[in-house]
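Chemist: Listed below, chain by chain, are the residues.
2 protein chains.
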Amino acid sequence: MDLKAYLKTHQERVDGALSRYLPGEETLPAQLHKAMRYSVFAGGKRVRPILMIAACEAVGGVIETVLPAACAMEMIHTYSLIHDDLPAMDDDDFRRGRPTNHKVFGEATAILAGDALLTEAFNLLSASESAENISAETRLQVLNIMARCAGSMGMVGGQVVDMEAEGHDIDLPTLQYIHTHKTGALILACLQCGALLGGGNKDQFDALSRYGETAGLAFQVADDILDVIGDQEVLGKDVGSDQARGKATYPALMGLEEAQRRAQELKDLAIEALGSFDHRAEPLRAIARYIVDRSS
Amino acid sequence: MDLKAYLKTHQERVDGALSRYLPGEETLPAQLHKAMRYSVFAGGKRVRPILMIAACEAVGGVIETVLPAACAMEMIHTYSLIHDDLPAMDDDDFRRGRPTNHKVFGEATAILAGDALLTEAFNLLSASESAENISAETRLQVLNIMARCAGSMGMVGGQVVDMEAEGHDIDLPTLQYIHTHKTGALILACLQCGALLGGGNKDQFDALSRYGETAGLAFQVADDILDVIGDQEVLGKDVGSDQARGKATYPALMGLEEAQRRAQELKDLAIEALGSFDHRAEPLRAIARYIVDRSS
Numbered sequence: 001m002d003l004k005a006y007l008k009t010h011q012e013r014v015d016g017a018l019s020r021y022l023p024g025e026e027t028l029p030a031q032l033h034k035a036m037r038y039s040v041f042a043g044g045k046r047v048r049p050i051l052m053i054a055a056c057e058a059v060g061g062v063i064e065t066v067l068p069a070a071c072a073m074e075m076i077h078t079y080s081l082i083h084d085d086l087p088a089m090d091d092d093d094f095r096r097g098r099p100t101n102h103k104v105f106g107e108a109t110a111i112l113a114g115d116a117l118l119t120e121a122f123n124l125l126s127a128s129e130s131a132e133n134i135s136a137e138t139r140l141q142v143l144n145i146m147a148r149c150a151g152s153m154g155m156v157g158g159q160v161v162d163m164e165a166e167g168h169d170i171d172l173p174t175l176q177y178i179h180t181h182k183t184g185a186l187i188l189a190c191l192q193c194g195a196l197l198g199g200g201n202k203d204q205f206d207a208l209s210r211y212g213e214t215a216g217l218a219f220q221v222a223d224d225i226l227d228v229i230g231d232q233e234v235l236g237k238d239v240g241s242d243q244a245r246g247k248a249t250y251p252a253l254m255g256l257e258e259a260q261r262r263a264q265e266l267k268d269l270a271i272e273a274l275g276s277f278d279h280r281a282e283p284l285r286a287i288a289r290y291i292v293d294r295s296s
Numbered sequence: 001m002d003l004k005a006y007l008k009t010h011q012e013r014v015d016g017a018l019s020r021y022l023p024g025e026e027t028l029p030a031q032l033h034k035a036m037r038y039s040v041f042a043g044g045k046r047v048r049p050i051l052m053i054a055a056c057e058a059v060g061g062v063i064e065t066v067l068p069a070a071c072a073m074e075m076i077h078t079y080s081l082i083h084d085d086l087p088a089m090d091d092d093d094f095r096r097g098r099p100t101n102h103k104v105f106g107e108a109t110a111i112l113a114g115d116a117l118l119t120e121a122f123n124l125l126s127a128s129e130s131a132e133n134i135s136a137e138t139r140l141q142v143l144n145i146m147a148r149c150a151g152s153m154g155m156v157g158g159q160v161v162d163m164e165a166e167g168h169d170i171d172l173p174t175l176q177y178i179h180t181h182k183t184g185a186l187i188l189a190c191l192q193c194g195a196l197l198g199g200g201n202k203d204q205f206d207a208l209s210r211y212g213e214t215a216g217l218a219f220q221v222a223d224d225i226l227d228v229i230g231d232q233e234v235l236g237k238d239v240g241s242d243q244a245r246g247k248a249t250y251p252a253l254m255g256l257e258e259a260q261r262r263a264q265e266l267k268d269l270a271i272e273a274l275g276s277f278d279h280r281a282e283p284l285r286a287i288a289r290y291i292v293d294r295s296s
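Note that the protein sequences, when read in sequence, are chains A and B.
Counted from 1, the first sequence has number 280 at position 280 by our numbering; the numbering is strictly sequential.
Counted from 1, the second sequence has number 130 at position 130 by our numbering; the numbering is strictly sequential.
Rather than coming from a laboratory, the hints here were simulated on the basis of the structure.
Careful: at least some of the hints might be erroneous.
Claimed, not checked - Covered stretches of chain B (in silico footprint by chain A; criterion: 3 or more residues with CB under 8 angstroms from a CB of chain A, positions within the stretch not fixed):
1. 48-54
2. 97-109
3. 134-145
4. 182-189
5. 283-295
All residues carry an ideal CB built from backbone N, CA and C; glycine is no exception.
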């Protein structure tokens with residue numbers, strides 16, 4: 001399959017939906033909505049929404065059913081980036097080559113734009129207009145998965161442990177904790193929400209969860225490898241920036257070759273998890289290959 | 001009725017429920033959960049949860065049904081206080097006589113504790129264990145009301161306009177916008193969610209909405225008056241602090257006497273809105289009187 005074309009088509013669908021769902025730049029307070037849209041439309045590749053859509057399609061669902069939840073997930077991801085970049089956190093001036101939210105709108109508005117995006121995600125998920133053909137029970141279940149993956153025992157928890165670890169020597173279990181929480185939780189939730197909204201059964205839900213866990217970790221290991229062997233274009237950030245910051249990485253903890261072997265293994269496990277799926281899971285298989293092979 | 005006893009009993013119920021719903025201090029990451037609990041248990045009077053419970057009871061509902069949503073609302077309120085106090089925002093070192101969250105846990109953890117509390121509110125609202133006897137449709141509706149009142153066109157929007165207004169001369173409509181959004185939206189939502197969860201009909205929902213709008217505004221006008229005529233104990237912050245900060249207030253814009261007249265009028269309107277309710281709305285009537293009469 002042509003993964004590049006698939007990603008492009010779906011990015012455009014997601015971008016269009018996000019633009020419809022978010023309040024316009026002229027909606028009052030205008031400065032707040034400008035700040036929210038600035039970061040949502042800052043060149044994100046829409047990895048998470050596309051994974052949710054692909055999971056939904058893998059179990060035979062259609063994209064329309066999953067678009068609101070996919071966009072809600074992108075809003076949650078974007079809010080986390082805005083807050084991560086703040087002076088009190090990572091203090092980053094640039095992201096994907098553009099000034100970060102607080103550099104453009106000031107710190108106070110950036111904090112509030114993040115808060116508002118997180119809130120808007122739950123507004124979108126619970127709005128009566130979204131996902132009309134989905135039962136209220138399923139929508140609550142999806143909402144709950146998202147709230148848990150983003151919360152104190154998910155993404156925010158991972159961020160806290162990551163912060164605490166900076167400048168300290170950490171072991172592999174701690175690094176694993178950080179990744180399964182800080183980035184892995186949202187990716188896993190994407191697969192699970194896609195499965196639920198697409199009408200998948202329990203076995204499919206479990207298989208897609210296994211795919212999400214392994215592909216999510218593969219993504220992180222590959223990212224760490226790219227930070228060492230370098231490909232700024234693929235990575236979207238400076239090569240060596242994790243090292244410079246004293247962040248623990250897989251290559252640093254287990255050596256580059258072992259990290260690359262581990263990434264391949266995780267890719268195989270992800271594809272294996274899709275064993276009982278037909279051709280409709282082909283995009284997920286291609287994504288797993290792409291994630292890892294760019295770093296080998 | 002004995003309002004003081006009513007408030008005390010309900011505060012204790014809310015405090016107990018909040019403690020059960022929030023992850024314990026030893027739950028990992030411990031520092032994050034400590035920070036969340038620090039601000040939730042910082043002496044809040046639980047005005048919003050109690051209003052939701054009182055609305056639920058006014059339409060014949062029971063407290064158990066409404067406790068999860070009432071606690072979720074208090075988490076949202078608490079997150080907003082933590083973020084409001086940040087150096088980039090109001091830069092407050094103390095709240096209710098205790099050091100603010102970022103003074104104790106640092107700015108990064110305070111930002112994340114706020115994020116996590118907001119997320120936890122939606123986790124609680126969507127969790128399958130909460131409000132079992134309530135239909136999924138109603139729970140989604142309640143969730144949507146909360147997300148809207150807290151978002152960019154509700155509380156966060158009001159906070160942005162408040163920030164923009166600081167140090168500038170503003171007119172009464174702008175002041176009204178700030179209050180109906182920054183504080184009024186959450187209070188209105190409490191009444192509406194209480195009505196829905198208690199099983200109230202459309203007329204009762206509308207009446208309680210009118211009560212919420214007028215009592216919410218009365219609360220704000222009374223707060224502004226207290227900032228001038230002073231009663232630090234009632235107010236929980238320094239007398240004259242709004243003035244010192246150059247914040248617009250009702251007494252500043254319309255004069256003290258006119259503000260007091262307006263507060264009385266709003267109180268009357270709030271009580272009038274409850275005209276068709278029986279004795280079960282007595283707590284709401286007493287609350288409206290209490291809000292205003294402490295400032296007259």
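Chemist: Any hints from earlier that this structure breaks? Give me their numbers in increasing order, please.
Modeler: 1, 4 and 5
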